[in-house]
Structure formats: C-alpha cells, structure tokens
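From first to last, the protein sequence lines are chains A and Z. When we follow the working numbering, the leftmost residue of the first sequence carries the number 1, and every step to the right adds one. When we follow the working numbering, the leftmost residue of the second sequence carries the number 1, and every step to the right adds one.
Honestly, the hints are just simulated from the structure, not real lab data. Ideal Cβ placement from N, Cα and C applies to all residues, glycine included. Mixed in with the good hints, there may be bad ones.
[Claimed, not checked] For each label pair, taking beta carbons as the anchor points, the in silico distance ranges come out as: (1) A:F221 to Z:S48: 34 to 40 Å; (2) Z:S110 to A:V228: 37 to 43 Å; (3) A:H246 to Z:V131: 56 to 62 Å.
Chain residues, written in single-letter form:
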Amino acid sequence: MKKLPDHISKEKFMEELYRYKRGSVTRRHFLGVTGLGAATAILGSAVPGLRPSPAFAAGDIGDRVVLATWPNYHDPANFEAFTEATGAHVQINVFGSNEEMLAKLQAGATGWDVYVPTNYTITTYVSEDLIEPLDTARLPNYDPSAYDARYAEAGSVDGTLYAVPKNWGSTGYVANTSQLKGAPTPSSWKEFFDLTMGELSGGTIVHDYQLTTIGNALKYFGYSFNSVDEKELADAEKLLIDSKPHLFAISSDIQPSVRSGDATLAMAWSGDGKQLNTDMPEVVYILGKEGGELWSDYYAIPKGAPHMDAAYALINFLLDPEVNVREVLAHGYPTADAKSKSMLPEELQNDPILYPAQELLDALEFGAAVTLTDPNRAELMARFKSA
Amino acid sequence: MTQRTRNWLLLAPAGTWLFVMLVLPLTVVLIFSFGERAPSGGVVLSFSLEQYANLPARWAAFKNTMVLAPAGTVAALVIAYPLAYFLAVRADPKWKTVLLVLVIVPFWTSILIRSYAWIFLLGGRGIPELVEWVGFAKPRLINTPFAVLVGIIYGYLPLMVFPIFVSLDRLDKRLLEASSDLGGTPIRTFLQVTLPLSIPGVATGCLLVFILLMGEFLIPALLGGGKVFFVGNALVDLFLQSRNWAFGSAVAATLVFIMLVSVTLYMRLIGRMGTQREDLSLM
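Input sequences plus hints: build the corresponding full structure.
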C-alpha cells in the first residue's frame with residue numbers, strides 16, 4: 001500500500017539536518033538518508049579504481065531492472081547510484097506479504113527481475129519452479145564465508161543456491177511506554193494480549209498477516225510459533241476473537257498509528273521497532289520472552305526474469321558491503337554479512353534491537369514452509385477478521 | 001456487402017470487447033469455482049461443489065456487505081440529493097459550471113490517497129483532538145464502522161450527485177410554476193412534481209453506488225482498520241493471502257449472483273413506481 005519515495009522531501013531533509021545537528025543521528029545516517037552520501041559515492045565512482053566492481057558501460061545490461069520488495073526496505077540513494085553506474089533504472093514494486101508475492105508469481109508474468117523472499121517461502125518457490133538457480137560466478141560480491149550460516153542456509157535447497165541473504169530480523173512488538181496507564185513495561189506475549197483485553201483496551205494493533213498474528217497468539221500459550229495442531233490453533237483462535245473488540249486495528253502498516261499516539265501496543269518487525277525507537281525513544285521494541293519469530297530475507301531471481309543481466313548486476317551491487325551498510329542504515333534490520341556489520345557504527349553493532357541478546361534470540365523460531373501454506377491457518381485468520 | 005454482414009462487422013469491436021472483458025473472465029471464475037485448492041495455493045480443476053458448500057464460512061463478510069452497501073447508498077443519496085438540487089435548480093447559472101467542476105475535482109486524485117487523508121482527519125490527532133479541545137470527551141472515530149461509512153459517502157458522493165443533477169437540470173421549470181399556480185405549496189410541488197421527475201436520476205445514482213459498494217475493499221481496510229470485513233476484503237485475502245482460488249471464485253460467483261438478483265428486483269421496483277421506459281434510458 002505504501003510507495004517508496006524516490007527522493008527525500010525538503011521537510012524530511014531539514015528534519016534530518018536538525019537531528020544531525022542535535023547529535024541524535026550520526027553523520028553516516030545523515031549522509032545515508034539524505035542521499036548526500038550517495039552523491040559523494042557517485043562522485044567517487046567517477047574516479048576509476050574507486051568504483052565498486054564490476055563496472056558496466058551504460059546500456060550493457062539494458063535500461064531497467066524491476067525489483068519486488070517490502071515497504072521501507074531500501075536506501076533510495078543506492079538505486080540512484082546503481083543507475084548512475086550501470087544505466088539501468090530501478091523500478092520498484094512494493095508488496096505487503098510473502099503470500100501476495102507468491103500469488104502474483106503463481107498467476108504468472110510478473111515482469112520482476114529481483115525479489116526478496118523470506119526464508120520459509122524458498123522451498124515452495126523451488127517446488128513450484130518459480131525461482132532461478134543462482135550462478136555465483138555472476139555475483140563476485142557474494143562471499144558465503146562472510147555470512148552467519150543461520151541466516152543463509154535457507155537460500156540453498158538440496159545443495160543448489162537459489163537466494164543470497166539480504167538481512168534478517170525478528171518479530172516482536174512495540175510499546176509506547178508513555179501511554180501504559182501505570183502498567184509496567186511488558187516483556188511477554190502473555191502480557192501483550194492481557195493488557196490488550198485489560199488496561200490498554202482499544203490501543204493495540206496486530207498484523208494483517210496470519211503467520212505472525214496466529215504465531216504470536218500461539219506463543220501466549222507457550223505453543224510453537226509454527227503450530228498447525230488443531231487444538232492449539234483453536235486456543236489461539238479463541239484468544240484472537242476474544243481480543244478483537246479491544247483491538248485498534250488489524251494492519252501491518254503500524255507506524256502511522258504508533259506515531260500519532262493512537263496505538264500503544266503493536267506487533268512489529270524489528271526494523272519498524274528500530275525506526276520508531278530512533279524517532280520516539282519512549283517507544284520500545286520488545287521480544288516476547290516465550291519466543292516468537294526469527295526470519296531472514298533473501299535476494300532471488302524469479303524464473304523467466306526479463307532482464308536477467310540487470311538482475312545479477314543489481315544483486316551484486318546490493319551485496320557490496322559499502323552499499324549494504326547504507327541499506328542497513330536506512331531500513332534498520334541487521335545484516336548477516338560480517339563484512340558489512342563491521343563497517344556499521346559501533347552503537348548499531350551493539351544495538352539491542354538490531355542484535356538482541358543471545359538468550360532472547362535462542363527462544364525464537366524460524367517460520368516453516370508448512371505454516372505459510374496451511375489452509376487451516378488461512379481460514380482461522382479469515383474467521384478472526386470477519387468476527 | 002450485405003446489410004447483414006455489415007451489421008456483424010459493426011458489432012465486432014463491441015462484441016470482442018464484451019467477450020474478452022466480461023464473458024471470458026466470468027467463465028474462468030465459474031470454472032475455478034468448481035475446482036479445489038492446490039496444496040501450495042492456486043487451483044486444481046475438478047468438478048466439486050465443495051467450495052459452494054463452504055460458503056457459510058464467509059457469511060459474516062456477506063452480512064457486513066449487505067448491511068453497509070445499502071446503508072452507504074441511502075446515506076450518499078440523502079446527502080447528494082440536496083446538493084444536486086441546489087446545483088441544478090438554485091445555483092446561479094454563472095457559477096454552475098465552477099461548482100460542478102468542484103464536485104469532480106476529487107476524482108483527479110486516487111481514492112487511495114484521499115482515504116489515507118481521512119486516516120489523519122479521523123485519527124487521534126485529527127477531529128477527535130479538536131472535539132476534546134472544545135471541551136467534550138475525546139471520541140474514537142478511526143477504525144469504526146462510522147469511519148467506513150464516512151469514507152464511503154465521501155468516495156461515492158460524485159457518482160450519486162451527477163445522475164440526480166442531470167435529471168433535475170432537465171426539469172421543465174414551467175411545471176413548478178404550474179403547480180404553484182394551481183395552489184400547490186412548495187413542499188407539495190417538490191413531492192408531487194420535482195421528486196417523481198428526478199426518480200430516474202436517483203435510480204441510476206443508487207445503482208451505480210450500490211454495485212460498486214458491493215465490491216468495495218479499500219475503504220474498510222483503510223478506515224475500518226481491517227476490523228470491518230466486506231466480501232471484497234474476503235476476496236483479496238482469498239486470492240492474495242491464502243491463495244485459495246477455488247473458494248475465492250465461488251465467493252466471487254456468489255457475489256455476482258446476489259448482485260444480479262438484487263439489481264433485477266430493484267429495476268422491477270423502479271419500473272413499478274410508474275416511471276416511463278424512456279426515463280430509464282439513463283440506466
């Protein structure tokens with residue numbers, strides 16, 4: 001539903017400038033979000049020898065590449081730099097969920113060249129023959145040894161590489177601590193739903209996404225995030241339907257309502273948590289202590305991509321640690337690439353939202369392919385939404 | 001070339017259009033609706049009535065649509081009629097065009113953007129804060145059926161205003177004078193002359209708004225916060241989330257059927273209200 005702005009607005013630029021002057025953001029962040037950094041990078045790339053390899057003469061890879069991705073997920077300045085270096089314009093299609101992306105690819109003829117599937121979808125794409133195996137010779141920037149295996153292994157199916165890691169993240173929730181009405185800051189999914197049905201009635205958002213909404217309701221009872229057990233799903237359904245009258249919204253677009261103060265609690269991907277916490281320190285990101293979801297997104301090429309050369313060039317460009325660092329600064333999700341991580345500002349490398357403590361991470365589960373395609377979970381979500 | 005071949009040739013463009021854009025997609029939907037969901041989504045063709053048997057699972061969505069579509073139509077009519085009346089009968093002819101353009105202007109922006117604007121107007125920092133500032137309790141507006149109704153009226157108002165405006169604009173003003181000369185009060189003149197003559201416009205406007213509302217999904221999703229669930233939302237979820245094309249097709253086919261029945265009944269009703277056939281030509 002949201003369109004990625006292709007350049008920074010004047011207001012946003014001034015806001016970033018003031019934040020930089022107040023010292024609340026780093027120079028790197030400022031250069032990154034305003035595009036001044038990219039502008040410098042483009043100037044730099046004009047000097048041969050400084051440019052990130054490989055270089056292309058304009059027109060070599062065609063004039064465009066189509067990227068299907070999630071909202072608020074890239075640094076637009078990186079795309080400008082890519083166009084500058086290769087002559088290929090990056091056209092962006094923004095999607096709300098993996099299901100939507102899969103549905104579009106199943107329907108055929110999307111015209112996409114690169115997309116960003118999440119770990120649990122890749123086996124489905126392979127079995128449906130909707131994903132192109134990757135030729136690592138065409139991705140010189142891809143260095144498997146630099147990646148934390150945990151966030152890279154889902155990219156390979158039966159020994160064939162189909163997808164390379166983009167970034168990973170967790171699914172928890174944000175709480176606006178200035179609006180808790182005296183309740184202590186919650187730390188579990190049990191408190192999330194109990195507060196929703198109690199003191200904070202009317203101020204909670206759950207995702208419009210069966211995987212996370214049902215998964216986190218399952219966590220309330222201590223069940224697996226991926227459960228497809230009928231009895232466990234029935235418990236989760238009861239909890240969701242009981243809490244529905246107390247919800248502010250069922251929506252994956254949480255930021256506007258949290259920023260306006262309408263919502264106090266909201267399920268959130270860690271990047272949403274980071275972006276909100278950066279702008280509003282009273283909004284904290286919480287991983288339920290019962291657990292929840294850990295996920296990893298990848299770059300991949302759909303079968304029959306119309307601009308195959310440009311697709312490889314774009315993925316290779318985005319894997320460049322210099323470029324990837326600017327991506328991380330823009331979207332606020334952790335990278336699995338050790339080279340990029342070491343180039344991040346110190347405070348981000350130790351940031352508890354990006355890189356949570358090991359014991360919190362240990363409780364999290366990766367979503368499973370069966371969770372995505374289970375028809376009972378889909379029907380449960382429909383009953384919850386229409387209740 | 002015989003007259004007959006020429007007729008067929010002249011019909012060909014419209015006929016092809018109708019076939020490709022209407023008959024073919026509806027046939028696909030019907031065929032899919034007898035199929036089954038493939039394990040990882042999509043459809044496996046077969047002949048089963050299972051999807052139709054499963055329709056009660058979306059009863060709540062049908063119920064919401066069948067309450068809010070007529071309610072939205074009536075609410076839009078109540079607001080649009082005085083506006084159309086003012087534009088057609090009362091407005092200074094000098095200003096008429098300007099005022100009409102003002103009614104159209106919102107159409108130049110996407111309904112998505114305009115509905116998004118309502119999120120901020122109805123949200124906690126918008127109208128509710130103003131109400132609180134004036135001294136009343138802060139009301140909750142956004143993500144309620146009320147907000148959905150406001151969005152619907154706002155979004156569909158021009159579709160209602162125009163047909164009514166057209167029928168009132170063509171109204172012969174001498175009839176009003178005649179009524180008055182014969183001793184009719186303004187209210188009686190309105191009820192016995194103006195209103196009956198504007199029925200074709202009202203009928204067309206209601207039909208346009210009602211049909212579009214039956215398939216609405218954007219306004220409930222944005223202004224209802226995903227908590228107000230229409231058949232349109234059920235369809236979006238079935239095709240884009242659970243990828244159950246077979247069941248989605250059955251729901252869509254049922255919606256088309258309900259619309260055909262209600263529109264037929266509606267036309268009969270309008271026909272019986274004594275309006276002449278040529279007045280209905282607008283429809």
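Quick rundown of the hints versus the structure:
no., hint, result
1, A:F221 to Z:S48: 34 to 40 Å, "holds, 35 Å"
2, Z:S110 to A:V228: 37 to 43 Å, "holds, 39 Å"
3, A:H246 to Z:V131: 56 to 62 Å, "violated, 23 Å"
Of the numbered hints listed earlier, the single one contradicted by the structure is hint 3.
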